[in-house]
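Chemist: What follows is each chain in one-letter form.
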Amino acid sequence: MSQATATTQDVKSWNGGHSPFNVSYGKMMMWFFLLSDAFTFGAFLISYGTTRFFSAVWPDPNKVFHSFPFLGEANAPLLFVSLMTFILILSSVTMVLAVHAGHYNDRKGVIKWMLWTIIGGIAFLACQAWEWTHLNHQGAWWGSFTNPATALSSFEHFFTADKAVIAQHGLQATHDFYNYFFTITGFHGFHVFSGVIFNVMILLNTVNGKYELRGHYEMVEKVGLYWHFVDLVWVFVFTCFYLL
Amino acid sequence: MSAHHHNDNDTQVLYEGDQSKLYSGLMNHHTDIQSADSKKQVSKIWKVTGILAIVTIIEVALGLYGTGAGMPKGLVNVFFLLLTIYKAAYIVRVFMHLGDEKKSFLITVLIPLTLFIWFIIAFLYDGGFWLEMNTKF
Chain A
11 MSQATATTQD
21 VKSWNGGHSP
31 FNVSYGKMMM
41 WFFLLSDAFT
51 FGAFLISYGT
61 TRFFSAVWPD
71 PNKVFHSFPF
81 LGEANAPLLF
91 VSLMTFILIL
101 SSVTMVLAVH
111 AGHYNDRKGV
121 IKWMLWTIIG
131 GIAFLACQAW
141 EWTHLNHQGA
151 WWGSFTNPAT
161 ALSSFEHFFT
171 ADKAVIAQHG
181 LQATHDFYNY
191 FFTITGFHGF
201 HVFSGVIFNV
211 MILLNTVNGK
221 YELRGHYEMV
231 EKVGLYWHFV
241 DLVWVFVFTC
251 FYLL
Chain B
9 MSAHHHNDND
19 TQVLYEGDQS
29 KLYSGLMNHH
39 TDIQSADSKK
49 QVSKIWKVTG
59 ILAIVTIIEV
69 ALGLYGTGAG
79 MPKGLVNVFF
89 LLLTIYKAAY
99 IVRVFMHLGD
109 EKKSFLITVL
119 IPLTLFIWFI
129 IAFLYDGGFW
139 LEMNTKF
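Heads up: the protein sequence lines correspond to chains A and B, in order. Per this note's numbering, the very first residue in the first sequence carries number 11; after that it's consecutive. Per this note's numbering, the very first residue in the second sequence carries number 9; after that it's consecutive.
The hints are simulated quantities; they were obtained by calculation from the structure and are not laboratory data. Incorrect hints may appear among the rest.
As the list claims (entries may be wrong) - Beyond 10 Å from chain B on every Cβ pair, some chain A residues (computed):
1) Ile56
2) Leu125
3) Leu135
4) Trp151
Claimed, not checked - On the chain A side, residues computed to face chain B include the following (Cβ under 8 Å):
5) Val33
6) Ser92
7) Leu107
8) Tyr114
9) Leu254
None of these values were measured; they are calculated from a predicted model. Glycine is no exception: its CB is placed at the ideal position from the N, C-alpha and C atoms.
Throw the hints in and build the complete structure from the sequences for me.
Modeler: Below, the structure is given as structure tokens:
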């Protein structure tokens, strides 16, 4: 009986006159865009994995990422990237609180939480700028570590493996590692950057009362989806580059 | 009766015009952000924040001390992947509200992602195969 009822409702929901998915066109298309973006990031990360499986040695993240601003030569593996992860998670939280305020047409709430989200995004970008600069000072960039005459001492500290293996394969592995690192965190950082721009645009519209006039804050929700996706991608980047 | 008819007409007008008004929750008449329902949702958001933070701390601790404490690297990696998916599921379900969407929409979004199962296995296997070929010959 209940099945028969469900079937009738199902046929009705696809008969036209309303959205069978009960979402607006814009929100649905944001989801499908994010789905395609997930495959782009997925392809990047899987390609990184393929190269890593292909390599006889691979840099140890605990050895590569162990610095913290203003701590000099102190050995603090994973500490800085943990901070970056917390910043991004918290900015995702403030975003979902902005979306929540939007559901209740609470303009002041949306403004407050959007501001925090933007601050979080900028803080994350600042952290990434510091990390890139720091690695660059150690000689890492796109296309670095290619000269076969490079001294073993300039890259062996990235590894925990046997010294003979590092001498034979370490240079190529370091080169591959940094190419992928800058490409993938750069692509993600560009998403964060564009997300901050979108967030500023939404904030300005909210301050100007555009959404109050429109009667709903769905734009906050759509840009929120993008922002959460950026956080979601970071969860995977964090695992692939810093943990595994 | 006439009021009902009036509503139907409204819906039709909105459907042809600004769809967002129909599906943004506006028609659900959410008004009071201080209501019990609203507070319940906010407390759920903070609960999920706590879960994400704790899982991240566990991941970092595993990364720093896992192998040192005698855990095989393979086992540590399994934990990393499971915890990552655990975090991702919370972000998508609660923060992105996919859990609140219609089930048919949720399935439509999630089914294409199953391609990743083939994608990951095929390409990692390929990498491992080439390493073997390079080492042996």
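Chemist: Indicate, hint by hint, whether the structure satisfies it.
Modeler: Outcome of the hint check:
Its beta-carbon lying about 5 Å from the closest one in chain B, Ile56/A breaks the requirement of being farther than 10 Å from that chain. The claim that Leu125/A is not at the interface with chain B holds, since no C-beta of that chain comes within 10 Å of its own (minimum 17 Å). Listed as outside the interface, Leu135/A is consistent with that label: its C-beta sits roughly 20 Å from the nearest C-beta of chain B, beyond the 10 Å cut-off. The Cβ of Trp151/A lies farther than 10 Å from every Cβ of chain B, with a closest approach of about 24 Å, so its non-interface assignment holds.
Annotation: interface hint on Val33/A holds; nearest CB of chain B at approximately 5 Å, less than 8 Å. Evaluation of the Ser92/A hint against chain B yields a held restraint, the C-beta minimum of about 5 Å falling below 8 Å. For Leu107/A, the interface hint holds, since its Cβ comes within 8 Å of a Cβ in chain B; the closest pair sits about 6 Å apart. Because the beta carbon of Tyr114/A sits about 4 Å from the nearest beta carbon in chain B, less than 8 Å, this interface hint is met.
Interface hint status for Leu254/A: upheld, as the beta-carbon distance to the closest one in chain B is roughly 6 Å, under 8 Å.
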